[in-house]
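With chain R's structure known, arrange chain F with the ligands on it following the hints.
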Amino acid sequence: MAEYSAFSLLRHALTGHKDWRRAWRDPEPKKSYDVIIVGAGGHGMASAFYLAKNHGIRNIAVLEKGYLGGGNTGRNTTIVRSNYMLEENAHFYEKSLQLWEQLSDELNFNVMFSQRAVTNLAHSDSQMDAFARRGNTMRLNGIDAELLDRKQVQREMPYLDFSDNARFPIYGGLKQPRGGTARHDAVAWGLARGADRLGVDIIQNCEVTGFKREGNRITAVETSRGDIGCGKIGFAVAGSTGHLASKLGMKLPIESHVLQAFVSEPLKPLIDTVVTFGAGHFYVSQSDKGGLVFGGDIDMYNSYAQRGNTPMIEHVVSAGLAMIPSLSRLRILRHWGGVMDMSMDGSPIIGKSPIDNLYLNCGWCYGGFKATPGSGWVFAHTIANDAPHELNAGLNLERFERGYMVDERGAGPYPNRH
Amino acid sequence: MIRLDCPYCGLRDHEEFSYIGDATKTRPAHAGDASAEDWFDYVYIRDNPRGPHQETWQHIQGCRAFIRVLRDTLTHEVLATGLPHEDLSAKSGGAS
Ligand SMILES: Cc1cc2nc3c(=O)[nH]c(=O)nc-3n(C[C@H](O)[C@H](O)[C@H](O)COP(=O)(O)OP(=O)(O)OC[C@H]3O[C@@H](n4cnc5c(N)ncnc54)[C@H](O)[C@@H]3O)c2cc1C
Ligand SMILES: [Zn+2]
Chain R
67 MAEYSAFSLL RHALTGHKDW RRAWRDPEPK KSYDVIIVGA GGHGMASAFY
117 LAKNHGIRNI AVLEKGYLGG GNTGRNTTIV RSNYMLEENA HFYEKSLQLW
167 EQLSDELNFN VMFSQRAVTN LAHSDSQMDA FARRGNTMRL NGIDAELLDR
217 KQVQREMPYL DFSDNARFPI YGGLKQPRGG TARHDAVAWG LARGADRLGV
267 DIIQNCEVTG FKREGNRITA VETSRGDIGC GKIGFAVAGS TGHLASKLGM
317 KLPIESHVLQ AFVSEPLKPL IDTVVTFGAG HFYVSQSDKG GLVFGGDIDM
367 YNSYAQRGNT PMIEHVVSAG LAMIPSLSRL RILRHWGGVM DMSMDGSPII
417 GKSPIDNLYL NCGWCYGGFK ATPGSGWVFA HTIANDAPHE LNAGLNLERF
467 ERGYMVDERG AGPYPNRH
Chain F
546 MIRLDCPYCG LRDHEEFSYI GDATKTRPAH AGDASAEDWF DYVYIRDNPR
596 GPHQETWQHI QGCRAFIRVL RDTLTHEVLA TGLPHEDLSA KSGGAS
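Chains R and F, in that order, are what the protein sequence lines are.
For my numbering, add 66 to where a residue sits in the first sequence, where the first one is 1.
For my numbering, add 545 to where a residue sits in the second sequence, where the first one is 1.
None of these hints come from the bench; they were simulated from the model.
Remember, predicted model here, so these are calculated numbers, not experimental data.
Backbone N, C-alpha and C define an ideal beta-carbon position, used for all residues, glycine too.
Any given hint could turn out to be false.
What the hints assert, rightly or not - Think about it this way: if two alpha-carbon atoms lie no more than 30 Å apart in a straight line, the pair counts; the simulated DSS-like pairs of lysine-lysine are: (1) R:96 <-> R:119; (2) F:636 <-> R:96; (3) R:313 <-> F:570.
To be verified - Stretch-level coverage of chain R by chain F, calculated; a stretch enters the list once three of its residues show a Cβ under 8 Å from a Cβ in chain F: (4) 361 to 369; (5) 373 to 381.
Chain R with its partners taken away, still in its complex shape (with noise of 0.2 Å):
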């Protein structure tokens, strides 16, 4: 099988490259399968390969209706980190950091994912008090948290706007060291190695239009290569959890929103870690490529188009600005959109859903490419045993109908606020 070092590039450079194996297989779909994961982004890859691993399920596919990566794990941000404060998120993204930690270990794949930390900034004296707050809340669950004053922000960071006139003067900022980025195709691409060697079919091409049902239960998925049987269903779909649903007329407490991300051209090394405005919405770091790699808000209004609007970009560049103002005359390179499973709460949904053989992994917000290996961990935990992990239990369906909120900003049952 495919492995890669420096011996191999150099043994392959002597034949043109032209006798590379191919990293995973192309296998034709089977007529039925114990488990269908649907959507081969990194929840879906990390969830069969779990499923495999800890729970030797073996007889999985995973479906994809475009190409692996190609939804929200191959278009985010790559930002990484546990700096969360209500339990129900905290200890399941802890966890998942924890096995961010390991994955390039466990997947013999370089994930590159790097630890440079990520900091939010602080603008006043309430915002410092709030972050004081949430970092000793996080130590108290044994994340690792620092506060920084204005000092320690501009020894750490000198490029942010430290001048008398700054309309948002930097008061401090809430460091979280174990964070960081990690390489999104890489992980879709470790991930789905890792699971093709553990038996996993990776159908590409392959939409699921429909389902076939008996009683409370889906026999098979109709897609666009002929019906498929399953035991058990997994959603893994991110932004098209919506529309996947309607099939089966089920609604959920989320809608589908765009958020862009963008790419500067490449500078010299300038920010060697991972940086958040406080006082709108931006954050940065710089890619091993030397491009800036940023964002800021969702587009705000309902879409599932893959790509954004243009009073969004000015919006997103005005908000770096204000904190980086030695950016001003940098150019923008590409940018792109993805479309995002905003939650009602802000929170995701791990678990069960009201049909018997269905299970749902959705609501990521902005912020679900850090949780890949952790969602896969307890989503593989939870089909395998139709029950949750107590890592998600909290993170159920049914926390809406009883009120019980995992709303990390308090914003309100608006999804685009969160």
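What follows is chain F with the ligands alone, placed relative to chain R:
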């Protein structure tokens, strides 16, 4: 840029408007006998269609009126605009 035809002001850039959300949700009457399920449905549950969507926008930087917009969520095409309580579903060319 999306352009919305405000019934009062005419065609304007969507930048002048605030997006409010799904216009098909009706708040249960306080005095009525709405059940917990009715409230749950109103507050949390959305059709979230991929296609024509009736939504409320407010012309916040114009006449400040609320208007109803029928817009395709996949293409961003604006199919119709009207007064806030006007049902525009018939203008979507079949889909709801
Ligand atoms: C611009 C942007 C920036 C982001 N930044 C961050 C960030 O910095 N940090 C972070 O943690 N998160 C971030 N996110 C969120 C994160 O990318 C997602 O939450 C996460 O990647 C979702 O992974 P997934 O596997 O659930 O979904 P996806 O990767 O979207 O995979 C879902 C797959 O399902 C497929 N699919 C859909 N419908 C069907 C069907 N009917 N049949 C078959 N297949 C189907 C799609 O083609 C897709 O490949 C960002 C998202 C965007 C768009
Ligand atoms: Zn108007």
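Do the hints match the structure? See the list:
For the proposed pair residue 96 of chain R and residue 119 of chain R, the alpha carbon gap of about 21 Å is at most 30 Å, so the pair holds. A C-alpha spacing of about 43 Å is found between residue 636 of chain F and residue 96 of chain R, which places the hinted pair above 30 Å, so the restraint is violated. With a C-alpha separation of about 21 Å, the suggested pair residue 313 of chain R and residue 570 of chain F falls inside the 30 Å cut-off, and the hint holds. A count of 4 residues in the region 361 to 369 of chain R with a Cβ less than 8 Å from any Cβ of chain F is obtained; the coverage claim is therefore met, three being the minimum.
Requiring three or more residues with a Cβ within less than 8 Å of a Cβ of chain F, the coverage given for the region 373 to 381 of chain R holds, as 3 such residues are present.
Checked against the numbered hints listed earlier, the structure breaks hint 2 alone; every other hint is satisfied.
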